[in-house]
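K.L.:
Sequence:
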Amino acid sequence: MVEKCCRKAGRIYHKEIFEESIELLDEVKNGAHFDIFLLDIEMPQIDGIELAAKLRLFLPYAIVFFITSYEKYVYEAFKAQPYRFIPKSQMESMFPAAIDDALQLIAEQERKFYIVENKRMLEKVPVKSIAYIWHRGKYGYIEKINGENTKVRKSLKKIYEELPAEDFVWADRGCIVGSMHIERITGKEVVLVNGTKLPIGQERLTDLKNKIRDYWMEKG
Numbered sequence: 005m006v007e008k009c010c011r012k013a014g015r016i017y018h019k020e021i022f023e024e025s026i027e028l029l030d031e032v033k034n035g036a037h038f039d040i041f042l043l044d045i046e047m048p049q050i051d052g053i054e055l056a057a058k059l060r061l062f063l064p065y066a067i068v069f070f071i072t073s074y075e076k077y078v079y080e081a082f083k084a085q086p087y088r089f090i091p092k093s094q095m096e097s098m099f100p101a102a103i104d105d106a107l108q109l110i111a112e113q114e115r116k117f118y119i120v121e122n123k124r125m126l127e128k129v130p131v132k133s134i135a136y137i138w139h140r141g142k143y144g145y146i147e148k149i150n151g152e153n154t155k156v157r158k159s160l161k162k163i164y165e166e167l168p169a170e171d172f173v174w175a176d177r178g179c180i181v182g183s184m185h186i187e188r189i190t191g192k193e194v195v196l197v198n199g200t201k202l203p204i205g206q207e208r209l210t211d212l213k214n215k216i217r218d219y220w221m222e223k224g
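Following my numbering, the numbering of the sequence shown begins with 5 at its first residue and continues without gaps.
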């Protein structure tokens with residue numbers, strides 16, 4: 005079904021099948037990249053819900069599908085923020101449309117990038133790789149989800165204006181956060197999927213919560 009959907013969409017693809025959840029996790033820890041994960045829930049060693057949470061530490065913008073015979077897990081599965089939950093009994097009717105939507109989302113993400121340029125370098129930074137951006141002195145520091153960063157000589161306000169507004173929010177006057185990397189918001193801080201904690205300006209808390217709620221609802 006995956007092959008048929010990808011061929012129909014005209015997408016070049018590569019797929020791998022893993023018999024054990026720990027095998028997949030080890031591959032990702034060692035640098036393997038996947039855009040989409042199709043996970044069962046009941047698995048030995050690490051169940052699908054726990055596996056999804058661990059995978060997001062390395063590939064937070066990957067799309068996760070839970071495919072299971074046990075619909076009783078649907079509410080528990082939401083903890084892992086899956087893109088879709090598909091009962092095996094409804095694969096034929098639900099899966100093709102879900103994969104089509106995921107492929108369109110990936111294509112949309114791949115078209116978004118931020119250009120950093122100065123006298124010595126030119127870099128195209130994928131928007132989905134930007135965890136957050138902070139400012140010190142004359143420079144903005146683009147912190148990527150893989151731990152790398154890029155420095156740009158611009159004000160934070162100017163950087164924000166050049167980014168796609170729907171993908172970023174202000175956490176504080178000195179910090180912009182990538183919406184797709186936010187796991188939760190507490191009264192004092194934003195927690196990212198990789199565990200990073202960033203302070204929230206109290207005057208921005210209500211607006212931040214509203215924007216992220218809308219973002220989560222829109223992105224499913």
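Quick caveat, the hints were computed from the structure, so don't treat them as lab data.
Computed from a predicted model, the values in this text were never measured in an experiment.
Treat the hints with care, as some may be off.
Below, in silico cross-link-like pairs of lysine to aspartate or glutamate (DMTMM-like), each with a Cα-Cα straight-line distance of 25 Å or less [said to hold, decoys possible]: (1) Lys116 <-> Asp30; (2) Lys58 <-> Asp30; (3) Lys116 <-> Glu96; (4) Lys161 <-> Asp218; (5) Lys123 <-> Glu96.
K.L.:
Now tell me if each hint is right for this structure.
P.N.:
Outcome of the hint check:
no.	hint	in the structure
1	Lys116 <-> Asp30	violated (29 Å)
2	Lys58 <-> Asp30	holds (11 Å)
3	Lys116 <-> Glu96	violated (32 Å)
4	Lys161 <-> Asp218	holds (22 Å)
5	Lys123 <-> Glu96	violated (54 Å)
Of the hints listed earlier, those the structure fails to meet are numbers 1, 3 and 5, in rising order.
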